[in-house]
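J.: Starting from the known structure of chain U, fit chain E onto it as the hints suggest.
In order, the protein sequence lines correspond to chains U and E.
Every position in the first sequence, counted from 1, becomes a number in the working numbering once 27 is added.
Position 42, counted from 1, in the second sequence is what the working numbering calls 33; the numbers after and before it change by one each time, with no gaps.
Hints are supplied without guarantee of correctness; some may be wrong.
As the list claims (entries may be wrong) - Derived SDA-like pairs (lysine to any residue); straight-line CA-CA distance at most 25 Å:
#1 U:96 / U:107
#2 U:33 / U:95
#3 E:-6 / E:48
#4 U:33 / U:146
#5 U:96 / E:41
#6 E:47 / U:102
#7 E:19 / U:103
#8 E:-6 / E:50
#9 U:96 / U:160
#10 U:33 / E:31
#11 E:19 / E:62
#12 E:19 / U:90
#13 U:96 / E:54
#14 E:19 / U:146
#15 E:47 / U:97
Said to hold, decoys possible - Simulated restraints, written as ranges between beta carbons of each label pair:
#16 U:48 / E:19: 44 to 50 Å
#17 U:68 / E:43: 48 to 54 Å
#18 U:40 / E:52: 43 to 49 Å
#19 E:19 / U:110: 28 to 34 Å
#20 U:93 / E:61: 46 to 52 Å
Calculated from the structure, these hints are not laboratory results.
In this text the structure is predicted, and so the values were computed from the model without any measurement.
For each residue, glycine too, the CB sits at the ideal point set by N, CA and C.
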Amino acid sequence: MAWREKTAWITLVAMVIAYGAYFILINTAVLTPVSMLGLFGAVTVLQVIAIVAVTAVLAALSSDEARAKADERDRAVARRGASIAYFVLMVGVITVGVIMPFHDVGWRLTNAALFALVIAETVRHLIIVVSYRRGWRG
Amino acid sequence: MGKGHIRNQMRTLRFLAGEMTQSELGAKIGVTRQTIAAIEQGKYSPTLEAAFRIAKVLGKSLDEVFQWDDA
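For reference, chain U alone in the conformation it holds in the complex (with noise of 0.2 Å):
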């Protein structure tokens, strides 16, 4: 497995987990903004912590791979994750920005920023995935 397949998994499940468990516990408890605020921060220092320990574990396993450079087909592949995800990402801030502030307000509409960046951050990571795993002729 190339070694930037197996970061990009690492931060994939990392986020959903991390984001999974955020978005379930700020639709299932009363939360004063407060402690929204600290979940949040605490859920993206946990996912930090585990992506930088996890692929520090595998770069020492795989010292060799880590250390190289990118190549055309790792940059190739991280330019079709980025260009798929800024649409969804366009979605996401269209909606966030023009259509919800008509009947949302406040924290919903940060929540549903931060949903619009999770879910783009997701499709991107898993485009990359896909990518490596399935081939991608460009």
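T.: Below, chain E alone, put in the same frame as chain U:
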């Protein structure tokens, strides 16, 4: 447009070039072993520059290494 794909003889030519490994070929043209494997399996089409480099390392012309398949 959209039909067809690039096929290649890289695996055979690597063998004929002193049983060169995917890692060795990758190191010579500046890509990873996994990228060479993906090209050989038809999962990735290299850039023109990488294709020329591969042909040069294998000591062949471009069309001896890569062919267009309409199927």
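J.: Against this structure, judge whether each hint is valid.
T.: Evaluated hints:
1. U:96 / U:107: Given pair residue 96 of chain U, residue 107 of chain U holds - Cα atoms ~18 Å apart, limit 25 Å.
2. U:33 / U:95: OK: residue 33 of chain U and residue 95 of chain U at ~14 Å, within 25 Å.
3. E:-6 / E:48: Since the Cα atoms of residue -6 of chain E and residue 48 of chain E sit roughly 29 Å apart, the hinted pair is violated (cutoff 25 Å).
4. U:33 / U:146: holds, 20 Å
5. U:96 / E:41: Cα-Cα ~16 Å, so holds.
6. E:47 / U:102: It holds: about 23 Å lies between the C-alpha atoms, which stays within 25 Å.
7. E:19 / U:103: holds, 20 Å
8. E:-6 / E:50: Measuring from Cα to Cα gives roughly 30 Å; hence the hint is violated.
9. U:96 / U:160: holds, 20 Å
10. U:33 / E:31: holds, 21 Å
11. E:19 / E:62: Between residue 19 of chain E and residue 62 of chain E the Cα gap is close to 31 Å, so the pair fails against 25 Å, i.e. violated.
12. E:19 / U:90: holds, 19 Å
13. U:96 / E:54: Violated, because 29 Å separates the two Cα atoms, which is more than 25 Å.
14. E:19 / U:146: Distance of about 39 Å is beyond 25 Å: violated.
15. E:47 / U:97: Distance of about 22 Å is within 25 Å: holds.
16. U:48 / E:19: 44 to 50 Å: Hint holds: Cβ distance 47 Å, inside 44 to 50 Å.
17. U:68 / E:43: 48 to 54 Å: holds, 51 Å
18. U:40 / E:52: 43 to 49 Å: holds, 45 Å
19. E:19 / U:110: 28 to 34 Å: The hint (28 to 34 Å, Cβ to Cβ) holds, given that residue 19 of chain E and residue 110 of chain U are roughly 31 Å apart.
20. U:93 / E:61: 46 to 52 Å: With a Cβ separation near 40 Å, residue 93 of chain U and residue 61 of chain E fall outside 46 to 52 Å, so the hint is violated.
The structure fails to meet hints 3, 8, 11, 13, 14, 20 from the earlier list, while all remaining hints are met.
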